[in-house]
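Asks: As a plain string of letters, each chain reads:
4 protein chains.
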Amino acid sequence: MTINVGVIGVGMIGQDHIRRLTHVLSGARVSAVTDVDIDRAKSVATGLPAAKALQTGAELVTDSEVDAVVVASWGPTHEEYVLACIEAGKQVFCEKPLATTREACERIVDAEVAAGKRLVMVGFMRRYDDGYLAMKETIESGGIGTPLMFHSAHRNPAVPPHYVNDMIINDTCVHDVDVARWLLDDEIVAARVLVPRHSSLAGDHLTDPIMFVFETARGALVDVEASVNIQYGYDIRGEVVGERGTVALADSNRAVLRSDRRWSGGVPEDWRERFLRAYDVELQEWIDAAAAGRSTGPSSWDGYAATVVCDAGVAAMNNGGERVVLSLREQPDLYKPTAGAGPTVE
Amino acid sequence: MTINVGVIGVGMIGQDHIRRLTHVLSGARVSAVTDVDIDRAKSVATGLPAAKALQTGAELVTDSEVDAVVVASWGPTHEEYVLACIEAGKQVFCEKPLATTREACERIVDAEVAAGKRLVMVGFMRRYDDGYLAMKETIESGGIGTPLMFHSAHRNPAVPPHYVNDMIINDTCVHDVDVARWLLDDEIVAARVLVPRHSSLAGDHLTDPIMFVFETARGALVDVEASVNIQYGYDIRGEVVGERGTVALADSNRAVLRSDRRWSGGVPEDWRERFLRAYDVELQEWIDAAAAGRSTGPSSWDGYAATVVCDAGVAAMNNGGERVVLSLREQPDLYKPTAGAGPTVE
Amino acid sequence: MTINVGVIGVGMIGQDHIRRLTHVLSGARVSAVTDVDIDRAKSVATGLPAAKALQTGAELVTDSEVDAVVVASWGPTHEEYVLACIEAGKQVFCEKPLATTREACERIVDAEVAAGKRLVMVGFMRRYDDGYLAMKETIESGGIGTPLMFHSAHRNPAVPPHYVNDMIINDTCVHDVDVARWLLDDEIVAARVLVPRHSSLAGDHLTDPIMFVFETARGALVDVEASVNIQYGYDIRGEVVGERGTVALADSNRAVLRSDRRWSGGVPEDWRERFLRAYDVELQEWIDAAAAGRSTGPSSWDGYAATVVCDAGVAAMNNGGERVVLSLREQPDLYKPTAGAGPTVE
Amino acid sequence: MTINVGVIGVGMIGQDHIRRLTHVLSGARVSAVTDVDIDRAKSVATGLPAAKALQTGAELVTDSEVDAVVVASWGPTHEEYVLACIEAGKQVFCEKPLATTREACERIVDAEVAAGKRLVMVGFMRRYDDGYLAMKETIESGGIGTPLMFHSAHRNPAVPPHYVNDMIINDTCVHDVDVARWLLDDEIVAARVLVPRHSSLAGDHLTDPIMFVFETARGALVDVEASVNIQYGYDIRGEVVGERGTVALADSNRAVLRSDRRWSGGVPEDWRERFLRAYDVELQEWIDAAAAGRSTGPSSWDGYAATVVCDAGVAAMNNGGERVVLSLREQPDLYKPTAGAGPTVE
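Protein chains in written order, with the numbering used here: chain A, 13 to 358; chain B, 13 to 358; chain C, 13 to 358; chain D, 13 to 358.
Keep in mind the hints are simulated off the structure, nothing from the lab.
Check the hints yourself; a few may be wrong.
Reference listing, derived: stretches of chain C covered by chain B, where coverage requires no fewer than 3 residues with Cβ under 8 angstroms from a Cβ of chain B [as the list claims (entries may be wrong)]:
no.	segment
1	48-55
2	137-151
3	225-231
4	261-274
In this text, a Cβ means the ideal position worked out from N, Cα and C, and glycines have one as well.
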């Protein structure tokens, strides 16, 4: 029952998924790896019990010893590999973004629809976080009434030098976009970006912080504070406001210290620490589904929708706060909600 | 050292201040009352140790047994009474709003400037709340770096039948406007209102909830969620986001109950419960200042600024999210910050 | 309706009550003061609007310009002054302890019973704290079922040089004793002291920390951790465990700071900060009751019971953990529960 | 690198470990099972990919297709199986208790010492819980100074009909005993049990709740409240009090709900929910160590010490609160602290 997984891209994220597949999760082994840097791929393969390094992603996807594929390469290459997996009829776990343009995402959706079955899962790991799952559960149980607003905050202590301006939308807020769509069970139809005073701790080339505001088809309003140089920690906040109550992520906390005139708890250092467990749960669910020949989790449609919303966000970022209307193509039946469409919420 | 206070308007708020002056606070006695309903004024006076009922506010303000005045009458009458107090050279505590139009506020400012001394304190009680004082203290100590955003939420379980649409700005958000100006020590220069889906629990004539967004002169962005029919309680939330940290109101809590699979704490029922203590501290500070011939607390300028911002908010409420620019007149020297301009923050 | 209050003892606590009576509370004025240091009494009187300094407590109690008395002198003198007040038929607010020996307390109880009315209130201010009131309210509403245990912690950052060993029971835990009796509505019948490792930050002459354990007549078990040199702050914790739930004091908090990888809230510096509001509420209730000729709050019986329990605690402190049985005399009818016997819990 | 694990005992716990080994964790497969009910063993084996059912534990331990053993049978059988594993030189994960008598534990220790290497890990899963790990980390970093006390509470909503009186010590408090030894890095030398009023919701045959108090060699005092019919949930509390601060388990919480005048979070339903993750981490660590030929985690010595302390606790439970002194044999060098002796705390 162990599936053979090929991994495309063995940079930081790819190696982390390889570690997970090899040492943490059940039911999978890494059988092949590839990378734009073939020497790096060879080096990684050498350290694994039973993996070979292949020259190209295309070769890996069609390899007979690869049952399913993890795509963790550079974003612009995702389309090619995901399409190849669909053509090969193999389940693929693709790190976000699904693809970097709306058109590329549509080509993936088209191919998957033509294939007649879901083969793609996109790596929106927040859907597997205990806190968001508890929020979803509360909303769906009717505990707060109809949701009307979602306040989200996405705070990074700092960003690396290669972080360019659009990334605050495409790499940072994209997670808030997906989790908003999922929590509210609704599509986004318009977006704005409001820009406060620039943080003196952010590079001059960055618009930081921002407030990314969007509206859903049923009229919920979502505001996302993105502060990517806030120093104090990696802090993800969220509260959905309903007609008769609200539900919010709790403070991350393991233990409460009392010392030096304060009681206090820790804030995570980075997304790895904060979402460590969600990544594990996410990939295990994918393995289990792939082994059973099922699809699960965030779909190509979710990847497509997130990309379209982020495109609107980037367009809105420098227009002085104007509302940007966006629209999605009609949703294929393949992506209509079914029991297997997301993590089970008990 | 006991000062004689005349109270104009003995409705719910007026009677609550009379109770406070008579039974809770130190250094004041109610010597005269008046009301548009003179019988009600007489009835209230009868229940007090040493108060007379007078026919008009004008009469009360000039009465020789009145050292200082509390104005708690209907908003549109505030201008007349406050101006009369300034003319009489008597300290006046005026419930918000200072006056209902920008022009009326300006006339008060002009009169006070002409009088050459501050005589007016406006009843923005949040500045005396322990939670907001701790936030202010933290910000001013540099604990979060330069403030960039302020997220505020103002939630009422329900509103009374006479609550009309503009009141969500003029009566509800006005407190968030004042506390934002005070916390950020900055003036507001533009406003927008974003309107999500209507709460089915709010009357059809109300725009509820709203997100009132405004910008300060130094570029801080403030978002205020106002939800005035949210059922679950009276809940005031606030978080100021700085360059290197944030500071937020804590959950109101006195005791934590563990029962029935939950740990939980209480949410206040209404603003009286939530700000009970702030009202006491506020009015005691005014009494002490009046007895000492000093002025204190939120000034006519603060009342004027709040009214101008709320005017912009009302204009913005139905314009589809457009930004409304606003401007204040030049600030007279009388209102420039001095040691006595607000509650002391240690 | 303003009552004239005489204050015996103008040290730190006495001066704090004078400040409260003069500048914070309603319905009282300080008309006379006395002190073992008569010059200090004169100096304090000079700073007050209408107070005279008297040579002795006896003189003060019988002075015609004194309606009611606050006793804030050294513990061993309390008996004499309280008895004098009872003889004069004047209401007296006596700081804890009521008296320093069981026999002295009994003489006070006898005198009050002979007088046929309650005249004494003992300064156990915790009964007026919002947190404890909420706990009491929850217990009495049946929210946790029958109470079975009470875990209490009493932590001081440090103690002054004059703090001798018995004070950890008589001055520190005495508050936990009273609040346990009040929360559980029960008398204490046996006590033990368990002694862990000595804190290296406590003086060698002190037994610190200790765990003071006692049992009530109905079988509830109370454990009090007293740590009086714990450095980090003044922290009072309490949780009552019932048959189907628990209720605990919440963390003191006004605002939550996020900075430097922590979210945190403040711990009070000392008992003044922690119980500031409770002291105000307590003394206002006494003034109101005294003005109305009623008695209120913790009674002589409560003072007597606390002293008897502390005597047992001191005896138990060095006996290696043996159980010390204690017994109270029969409770006079005067102290049987009535509507006016404590702070009203709504 | 996959190890073959044999499981002895396929009741509730055994089946849960089988699920974990098969579907959750990495690096192990279940190759053989046995049970006192051989039909149940056969039924379980049938549902697994590659497991056989064996007639006896002895057969399973020596089976050539079994690399390592999980013992999850009835407590009194543990000694036999653990000794067999030691004799066979195979790593064994034994659910608590290591054995049901002090003498049996000593025989295991003797055998392991004679074997010259650690082969036994005892299932004290709390050492793998995030909360306790954070507490340990804080203590070891010096964040609270020398630990002086540990307050623990162990609350179960209810217990099953077969739960007899000694189980509140042997099955419930045994976890608090182990975690106290681990957190404080100290041995226990004396114990007492204080018994409050009986909960009317507990069976008459049970002593519930109790306060189990014990002392460590270095003088720390530990108090464990065990309330095993408290209805409201499964709630594990803990706070270590040091010389200059304290560290406590945080409230379990995933999301905070605001509704119906309360903010609230969930309390777990049972130990499975509360320690789900700790069980996973614990067993993965054992698999990894077993695969590498290393031992890890709580040792036979820890199992022995816990049994000796629980024996003293049972003896103390009905002696009216007397102190029971206990002593351990000299600790063999094999169990002296080394880098591999417990979960790594970073």
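Asks: Against the structure shown, which of the earlier numbered hints fail to hold, in ascending order?
Replies: Failing hints, ascending: 1, 3.
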